[in-house]
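J.: For the record, the sequence lines run as chains A and B.
Using the numbering used here, read the first sequence as starting at 1 and increasing by one per residue.
Using the numbering used here, read the second sequence as starting at 1 and increasing by one per residue.
Worth flagging that the hints you see were computed from the coordinates, not collected in a lab.
Don't take each hint at face value.
Which copy is meant is left open, so a pair is good if it fits within one copy or across any two.
[To be verified] Calculated lysine-lysine pairs in the DSS-like style (CA-CA distance at most 27 Å, straight line):
#1 99 <-> 113
#2 137 <-> 49
#3 113 <-> 49
#4 83 <-> 113
#5 234 <-> 113
#6 187 <-> 234
#7 234 <-> 83
#8 83 <-> 137
#9 137 <-> 99
#10 99 <-> 217
#11 81 <-> 110
#12 234 <-> 81
#13 83 <-> 217
#14 217 <-> 90
#15 118 <-> 99
#16 83 <-> 118
#17 212 <-> 234
#18 217 <-> 98
#19 137 <-> 234
#20 187 <-> 217
#21 118 <-> 137
Number of protein chains: 2
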Amino acid sequence: MSDSNIYYRNYNNNHYYPSSSSFSCCEKEGLYKAILSRRDVRSHFISDKNIPNDVLLRILNAAHHAPSVGFSQPWNFILIKDKSIRQQVKESFLTEYKKSISMLDNDESKQEKYLSLKLEGIMESAINICVTYDHTKFGPFILGRTSIPETGVYSVCCAIQNLWLAARAEGIGVGWVSILSNEDLQKILLIPEHIRPIGYLCLGYVEEFAAKPDLEKAGWLHRIELSEVICYEKWGYGRGTISSSDS
Amino acid sequence: MSDSNIYYRNYNNNHYYPSSSSFSCCEKEGLYKAILSRRDVRSHFISDKNIPNDVLLRILNAAHHAPSVGFSQPWNFILIKDKSIRQQVKESFLTEYKKSISMLDNDESKQEKYLSLKLEGIMESAINICVTYDHTKFGPFILGRTSIPETGVYSVCCAIQNLWLAARAEGIGVGWVSILSNEDLQKILLIPEHIRPIGYLCLGYVEEFAAKPDLEKAGWLHRIELSEVICYEKWGYGRGTISSSDS
C-alpha cells in the first residue's frame, strides 16, 4: 500500500487530513464506481459471513464524516445483531407490507408484480443499522438550521449515503427498508420520543452487485434520462436538452 | 487511462455497468478520500474559472444515480448562472441571516463569532444549483413510500451527497446555503407549489480544500468521537465504547 493511501488507512483518525487538492484517475474511478455500481440489496446476502469490526467502523466513520448543518453531527447508529429484536422489526415490516398491498387493489397487474418482489433482508443480512436524528444535539441554536429546520434530517440522509457508498467499496450490500412503522421502531429499540428514526438498513456481504437496480430490471419503473431532470435558470426552462454552453 | 476506468469514462452511459464486485486499494482510497476530504465551501472560490459542461454533467449524473425510494428518482436540478437571479437569492439569504443573528441576542460571544463567519458564496461561485423534490413523479403509489412519506425527500438528500462527493473528486467546492426562505426560492425560480426546494448549492473550483471543516477550525463546535454516535442492539446501550466482538 503506498503512502498515498492515507484516507483508506487512517479511517479512525479524525484529526489529520492533508489538503491534497487533486484526485488521480484511479481515485476518481473509485468514487464513480462506488456511486454507479451501488445497489439497494434485498437478497443474495452471503449467509454466515460476518462483517469484521474494522470494516464496519470504516463504514460508520464514512457516515460520521458526512456534511451536517452547522457541524451538528445529529446522527446516531444503533447496530442490531440480536435475532429476536430483528424478528420484531420484521413483524412491523409485515404489517406495513400488508397495508401497502391493499393500496394497489385497483391495479391487479401492478399488485401482482409488487407481490413478486423481495423487499427486505432483515433476518438474512449480517447486521441491521437504525440511523436516527437527534435535533437536540448541540442545540437549540444550530448554525444554518434557523430558517429550514428540516436541514437537520437532511444531514442524516447524507450520512446514510456515505455509509452506503463505503459499504459498496467494501463489497457489502445495503438495503434500506422503508416499509416499517417508525412508532414500532421506537418501541422495539427503546428510542426516546425526541429522537427520530430516519433509515433502517440491512448490511451483509454479497457475491456480486446486480448490473442494474432490481426495480429497473423488473420493469417496475425506468431510469429517467439525465437531461429530463435538469433545467436552466428557472424551473422547467430548457428541460430535456443539455445546454451546450460552457457552464 | 486503462480499460478499468469504465465508470469514470462512461459517466453518461446509463445502461451499462459491469457487475465487478471488488475494489482495488486505489479505488477504495478514492472513495474514502472524497468522503473524508469533502468540505462545505463558502469562500476561496477561484473567480472566473468556469466548470466545463462535461464535468458538470458527470457530477449531475452522479447525483442522478443516488438511491431513491421505489426507484422514483424524485429530484430535479435547476442550474443558475444568471447574476440577477442569484442577487435575488442573496437578498433572501440576507433577510434570513438578519433574523438568525437576533436569536443569539442572549449570548454575545457566540453572536460575535457567528458574525465573523462567511456563510455563503452565492455570487462568487461559478454556478448555483437548486435541488428540488417532486412527490408526484411516477406517483401516487411509490413502492416503499407508503408507510413513511418523507423517504421521498431522503432520496433527494442522497442525490445531493453524491453530487458533493463527485464535485470534490473533480476539484470543485460545494457550499450548501441553508439560511434561505424556501418561499422566496419558489417565487424567484418559478418553482410550482407541489415541488419542494431541498438544497441550494454553490459550486466552483477552489485552490485547495481545508484540512478541517471551517466550523471545527473556528472552534464553533467539535468533532464528536465516533464511539459516541454508536450503540448496540437498543438505543444508548454501549455508547462510548467500541464493541470488540466481531460484527
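J.: For each hint, tell me whether it holds in the structure or not.
T.: Evaluation of the provided hints:
1. 99 <-> 113: within (16 Å within a copy, 51 Å between copies)
2. 137 <-> 49: The answer is neither: 35 Å in one copy and 39 Å across copies each exceed 27 Å.
3. 113 <-> 49: neither (31 Å within a copy, 50 Å between copies)
4. 83 <-> 113: neither (30 Å within a copy, 49 Å between copies)
5. 234 <-> 113: Result: close neither inside a copy nor across copies, 38 Å intra and 35 Å inter.
6. 187 <-> 234: Classified as between; 10 Å across copies, 45 Å inside a copy.
7. 234 <-> 83: between (51 Å within a copy, 13 Å between copies)
8. 83 <-> 137: neither (30 Å within a copy, 37 Å between copies)
9. 137 <-> 99: between (35 Å within a copy, 22 Å between copies)
10. 99 <-> 217: Within one copy only: 25 Å inside a chain, 49 Å across chains, cut-off 27 Å.
11. 81 <-> 110: neither (34 Å within a copy, 42 Å between copies)
12. 234 <-> 81: Close across copies (10 Å), not inside one copy (48 Å); limit 27 Å.
13. 83 <-> 217: Neither, since 31 Å and 43 Å both go past 27 Å.
14. 217 <-> 90: within (25 Å within a copy, 44 Å between copies)
15. 118 <-> 99: within (16 Å within a copy, 49 Å between copies)
16. 83 <-> 118: For residue 83 and residue 118, the Cα distance is within 27 Å only inside one copy (20 Å; across copies 49 Å).
17. 212 <-> 234: neither (32 Å within a copy, 34 Å between copies)
18. 217 <-> 98: Intra 24 Å, inter 50 Å, cutoff 27 Å: intra-copy only.
19. 137 <-> 234: Between copies only: 19 Å across chains, 36 Å inside a chain, cut-off 27 Å.
20. 187 <-> 217: neither (36 Å within a copy, 39 Å between copies)
21. 118 <-> 137: Only across copies: residue 118 and residue 137 sit 23 Å apart there, 37 Å inside one copy, limit 27 Å.
Of the hints listed earlier, those the structure fails to meet are numbers 2, 3, 4, 5, 8, 11, 13, 17 and 20, in rising order.
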